[in-house]
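Peer 1: Given these sequences and hints, build the entire structure.
First to last, the protein sequences are chains D and F.
By the numbering used here, the letter at position 10 of the first sequence is numbered 10, and the numbering carries on one by one without gaps.
By the numbering used here, the letter at position 245 of the second sequence is numbered 1245, and the numbering carries on one by one without gaps.
Check the hints yourself; a few may be wrong.
Chain D regions said to be covered by chain F (calculated; three or more residues, Cβ under 8 Å) [stated by the list, open to error]:
# : stretch
1 : 115 to 124
2 : 150 to 160
3 : 180 to 187
4 : 207 to 216
With the C-beta cut set under 10 Å, the calculated list includes, among others, these residues of chain D facing chain F [what the hints assert, rightly or not]:
# : residue
5 : Pro-244
6 : Arg-247
7 : Leu-253
It is worth saying that the hints were derived from the structure and are not from the lab.
Glycine included, each C-beta is placed from N, C-alpha and C at the ideal position.
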Amino acid sequence: MTTALTIEGLRVSIGGHDVLHGVDLTLEAGRVHGLAGESGSGKTMTGLAVLGLLPHGSRVSGRITFGGRNLLEMPVRELNEVRGAKIAMVFQDPATSLHPMLTVERQLTEHMRHHLGVGRKEARERAAGLLAKVRIPGPEEALKRYPHQFSGGMRQRIAIAVALACEPEVLIADEPTTALDVTVQAGILRLLRGLCDELGLAVLLVTHDLGVMSAVADEVSVMKDGRVVETGPRGRVLREPRHPYTRSLLDALPVPPGENSP
Amino acid sequence: MTAPLLSVEDLVVEHRTPGRPLVRAVAGASLHVAAGEVVGLVGESGCGKSTLARAVCGLHRAASGRIRVGGHPVTPLGLRRRDPALTGVQMVFQDPYSSLNPRRRVGAQIADGLRTAGDTTTSPADLLERVGLPRAFAGRYPHEFSGGQRQRIAIARALAARPSLLIGDEPISALDASAQAQVARLMRDLAVESGAGLLFISHDLSVVRLIADRIAVMYLGKIVETGPTAQVWADPKHPYTRALLAAIPSPDGAGVLPAELPGDVPDPADPPAGCRFHPRCPLVMDVCREREPDFGPVACWLHEREPSVPS
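Peer 2: Here it is, written out as structure tokens:
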């Protein structure tokens, strides 16, 4: 197992308010690390900090190590070489994370040509290959279309293809299935899991849905008020939670289907 | 059994867009809601559940079929004053960021509802209290509130009109996960407490399961299965209902990937012949490709001889 990215003692404060109070996480290649917690617990902020996408005026300290270097101290110029290429992100709402007025081809090839320096023709071929990989039917024709011509699930698949275009080592997925129907969610989760196993991606999956967490994550961390309160293998954390907060999250769930007590 | 509060019979709603084919968003759906009953309407996005709800409110014109509320036929909403018999239908919309007027104090917006019901004794602050907000909030504007609080205000406004039928059109999908179950429970409690019926529309089955007495599953403009919540949950009959329930990942820590339902919802402008679910159905038979099952409570050829349960 190789460590792809480590976060140590990450603290973030925005406008004088402390949002994260020292977060520690380790992402391994080929593993899905789930980050759970309620809204406002700092899950998304952790993901954004890795990419240097925190809001203006936020103060960050700690260490995010990727490829032997601290991302937090990297000049913007060098950071731009890493984010989008080596570390990619998938956002919650595919309706707003894709540009509505650019074709799928343009959105799939622009950063590829910038980061990898490939030509127009090669970029186009790779883009079609990516769409096939995320199982978009008719990839060649799909390249010419615009985001609004696809359903929500297909758009999220395209957004994942965009994130994978430069062959990243780390993928940060922030609530990637929250905006989707359960049937579509199942397909996206299978896709994410498959890509993680096949490409050896290290995935940080941010979600509030413990069912989603249980389905795909290998490791689970639970956050509360800007701190990680519990980390461990999926089965242990979800079945024998050690922290009272994790237990309260699990107790708050409706009884899962299949168990017929009301 | 008394006549249901809401009865929808063979409702068809069509969307016409110039230069586009006619879309039958609701293609012959029947549904009943009794007073004091909570019915959850579930289905994937694009199946027509919101269109059905809007037609019940009079926001869409029915192409054919009948909608009756308390025995009165529902007429499309126009510029004129609403028939007083129909002001008992109140709706809570999906997005509390756009359903409240940003330029009016929330108290004034709730007072609109009170005026509709001719209620001169209740104050907007009383209603805010009922939805769990401080009385002093009546003097504030919508932008001062979070999504969950706004949705509570929208519920207070709907309740102010003394509804006999409350409709929630995905009222929780724009809210944070922690607020979703709370707001859903609140809607149920308030509706049942006041003796009103509640038609709760959501694509989140786990929440519907928490609050609904009965579930109606909709697929591509048709209701494919209805039944008591516990029964549908424990023993789903229609293959589509089974697929929907199987797709919910369970938080048991076992790492089981949920079952995938292959394919997308077909284009409602060009629905498949025969049973609408047949191209995605794992149990498809010859008859499914040719004839549409138009019976209930489970519209599937596998369950043709099921005894019909009075709804």
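Peer 1: For this structure, which hints from the list above don't hold up?
Peer 2: Per hint list: 1, 5, 6 violated.
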